[in-house]
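Engineer: Quick note: the sequence shown uses UniProt numbering, first residue 1, plus one each step.
Among the hints, erroneous ones may be present.
What the hints assert, rightly or not - With a straight-line cut-off of 20 Å between C-alpha atoms, the simulated EDC-like cross-links for lysine to aspartate or glutamate are:
hint	residue 1	residue 2
1	LYS222	GLU244
2	LYS189	ASP173
3	LYS407	GLU419
4	LYS297	ASP260
5	LYS310	GLU328
6	LYS192	ASP283
7	LYS297	GLU328
8	LYS192	GLU160
9	LYS192	ASP182
10	LYS277	GLU314
11	LYS277	GLU321
12	LYS215	ASP182
13	LYS269	GLU314
14	LYS338	ASP283
15	LYS336	ASP376
Derived from the structure by calculation, the hints contain no laboratory data. These numbers come from a predicted model, not from an experiment.
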Amino acid sequence: MGIRVGGEGEEAKKMVVPVEYLNHPLFVALLKEAEEEYGFQYHEGVITIPCHLDYFHWSWLNVFEKPNHRFSSAFGSSSEELPQCRSQAVVSLAETLDQRQSPIRHSSSVLQSVTLEQQTGELVQQGCEEMGESSCSHVDGMMLLKQLELILEHDDLINEIGFVHPSQLATLDKSPDATQYDETAFWSKDHKLAISTEILAHLYRTAMHTYMDVKRRYGLIKLSMGKYSSESATFGSDSDHLLESEILRHTMALLILNCDFGSAWNSRKMVILGKAKLSLFMDEIRLCTLILSYSPKSEYTWSHRRWAIKIIAERFQIIHELVGRESELVKQIAEKSKMNYRAWSHLCWLIPYMTRTQVIDELNKSRKWSELHIADNCCFHFRRRLMLKMLEDVSARRDEEACINQKTEVYFLWKKELEWNELLVNRYIGREALWLHRRFLSQCYINYFCNSQEMLVSNGEDHHEISPALDTFLNQELQLFLSSLGGTVDEFGETQSQAQHATAYIIWISKQVPTFINRILQGRLQEMNLKPIMIKLCADKAHLRDSSLLEF
1 MGIRVGGEGE EAKKMVVPVE YLNHPLFVAL LKEAEEEYGF QYHEGVITIP
51 CHLDYFHWSW LNVFEKPNHR FSSAFGSSSE ELPQCRSQAV VSLAETLDQR
101 QSPIRHSSSV LQSVTLEQQT GELVQQGCEE MGESSCSHVD GMMLLKQLEL
151 ILEHDDLINE IGFVHPSQLA TLDKSPDATQ YDETAFWSKD HKLAISTEIL
201 AHLYRTAMHT YMDVKRRYGL IKLSMGKYSS ESATFGSDSD HLLESEILRH
251 TMALLILNCD FGSAWNSRKM VILGKAKLSL FMDEIRLCTL ILSYSPKSEY
301 TWSHRRWAIK IIAERFQIIH ELVGRESELV KQIAEKSKMN YRAWSHLCWL
351 IPYMTRTQVI DELNKSRKWS ELHIADNCCF HFRRRLMLKM LEDVSARRDE
401 EACINQKTEV YFLWKKELEW NELLVNRYIG REALWLHRRF LSQCYINYFC
451 NSQEMLVSNG EDHHEISPAL DTFLNQELQL FLSSLGGTVD EFGETQSQAQ
501 HATAYIIWIS KQVPTFINRI LQGRLQEMNL KPIMIKLCAD KAHLRDSSLL
551 EF
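The task is simple: from the sequences and hints, build the whole structure.
Structural biologist: Encoded structure:
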């Protein structure tokens with residue numbers, strides 16, 4: 001198979017590459033797929049491919065620098081091994097073509113035409129000398145990738161990564177380890193790593209192609225072991241170990257550059273599941289922590305972290321030690337990244353793994369955080385999940401005496417939470433998150449502590465009175481409602497928002513109780529003569545102003 005490379009109006013340079021058996025079924029299938037996806041022109045054994053010369057040289061180096069390399073016998077006899085090996089040239093070259101709009105080196109990335117044409121006679125390998133400086137970008141990329149991987153390998157305590165402009169990188173204090181890497185590209189000191197933004201695109205492309213290559217080779221060996229397990233057991237074992245190490249090393253660098261590369265995360269899962277070592281799963285958690293330090297809302301990273309924790313919980317039984325660390329991590333991340341739903345959802349996911357003591361401890365610790373972040377509903381949602389966990393534990397108790405004691409404890413906890421919420425509602429005017437949290441507290445209080453059998457007290461055949469516990473609760477909520485209507489008008493409209501939230505809340509309360517109690521509540525509201533206030537404060541909220549509960 002001969003290759004002709006030449007620009008428009010230039011004399012083509014000829015290089016002969018040992019790609020045999022053009023009619024091999026796998027090779028033909030690859031060409032057909034490439035023709036559909038990349039616009040190859042294939043006619044009578046001649047293929048014309050639009051690509052950058054830099055990318056062609058990268059493919060040459062990646063595939064043909066070891067011409068005697070043989071894959072395991074995934075395709076049978078040795079005479080059939082060579083076509084599979086050589087067909088990787090088409091795959092590697094094709095994978096780079098989708099990048100043709102982003103040249104590696106802008107100064108020399110002129111669009112070229114590469115023509116592959118079928119040859120006859122003896123095949124020889126030549127042309128490496130004709131590459132010239134076009135392969136420098138690939139060599140530099142591999143050098144940068146190796147330097148990055150070396151930094152990550154030597155300092156496994158790196159806890160922060162930054163992508164900085166080259167001018168900022170030059171102002172940083174010189175690291176004692178600077179001799180091991182290019183100072184214009186990297187900086188590493190005190191477990192901190194800085195990467196120049198100038199090399200990011202180049203470094204990412206190299207890391208991606210390197211990963212895709214080792215992933216493909218790993219898949220071929222797995223396929224070989226599946227078909228010829230008895231013949232290739234020893235070879236497969238040695239090759240597996242080497243390629244798995246490469247996968248873990250390359251994917252770490254790749255994910256640091258692009259944490260949303262799902263295929264790389266899946267490759268790490270595949271390798272680590274086969275080893276079942278606690279240290280490897282802990283390494284995954286550390287890698288996730290590192291990535292979350294600069295990408296705190298990465299769904300792929302949070303998902304991978306949960307996967308690692310779940311495996312640890314199932315196989316090693318040390319989950320309770322991790323819960324405390326995860327809680328601290330989430331609060332640190334939430335402090336830097338506001339309204340981080342993914343971080344708090346991760347903590348909610350951990351609740352089933354928590355002991356009763358840990359649940360109470362989390363309630364106490366998150367209380368102060370909530371006071372300082374009133375507008376962040378995520379933390380209040382986390383508190384609600386914790387409180388529901390306590391109610392579920394009470395329901396699951398079989399010991400009647402223990403159940404009563406625990407229910408009493410939860411009852412006082414609920415009363416305390418209602419009082420704390422009321423304090424915040426009066427302190428921070430117009431905060432919807434506080435009113436939503438109070439709805440949850442009220443609903444659970446009515447359903448669990450003022451159940452249907454206790455709501456009404458019979459007083460004769462046709463007359464019923466509301467139970468003292470529920471009567472006291474409703475009076476307290478009415479007082480809170482009235483106090484929310486009496487604020488002075490402010491220029492920011494917070495007083496009006498507070499009144500509207502309070503009105504919506506009291507209407508919502510009326511729908512959580514039986515019809516008889518609803519009528520009692522409506523009668524008490526009519527006695528307060530709130531019509532002028534409601535018309536003023538809820539003028540733009542017809543569904544609140546005209547509610548049947550507030551008809552006067």
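Engineer: Next, verify each hint and record whether it holds.
Structural biologist: Against the structure, the hints come out as follows:
1. LYS222 - GLU244: holds (11 Å)
2. LYS189 - ASP173: holds (9 Å)
3. LYS407 - GLU419: Holds, at about 18 Å.
4. LYS297 - ASP260: Distance of about 10 Å is within 20 Å: holds.
5. LYS310 - GLU328: The hint holds at about 19 Å.
6. LYS192 - ASP283: holds (17 Å)
7. LYS297 - GLU328: holds (16 Å)
8. LYS192 - GLU160: Judged against 20 Å, a Cα distance of about 5 Å means the pair holds.
9. LYS192 - ASP182: holds (16 Å)
10. LYS277 - GLU314: Since the Cα atoms of LYS277 and GLU314 sit roughly 13 Å apart, the hinted pair holds (cutoff 20 Å).
11. LYS277 - GLU321: Within the cut-off at roughly 17 Å; holds.
12. LYS215 - ASP182: Roughly 28 Å between the alpha carbons, so the hint for LYS215 and ASP182 is violated.
13. LYS269 - GLU314: Answer holds: LYS269 to GLU314 is near 16 Å, not above 20 Å.
14. LYS338 - ASP283: Violated - the C-alpha atoms of ASP283 and LYS338 are around 27 Å apart, more than 20 Å.
15. LYS336 - ASP376: holds (13 Å)
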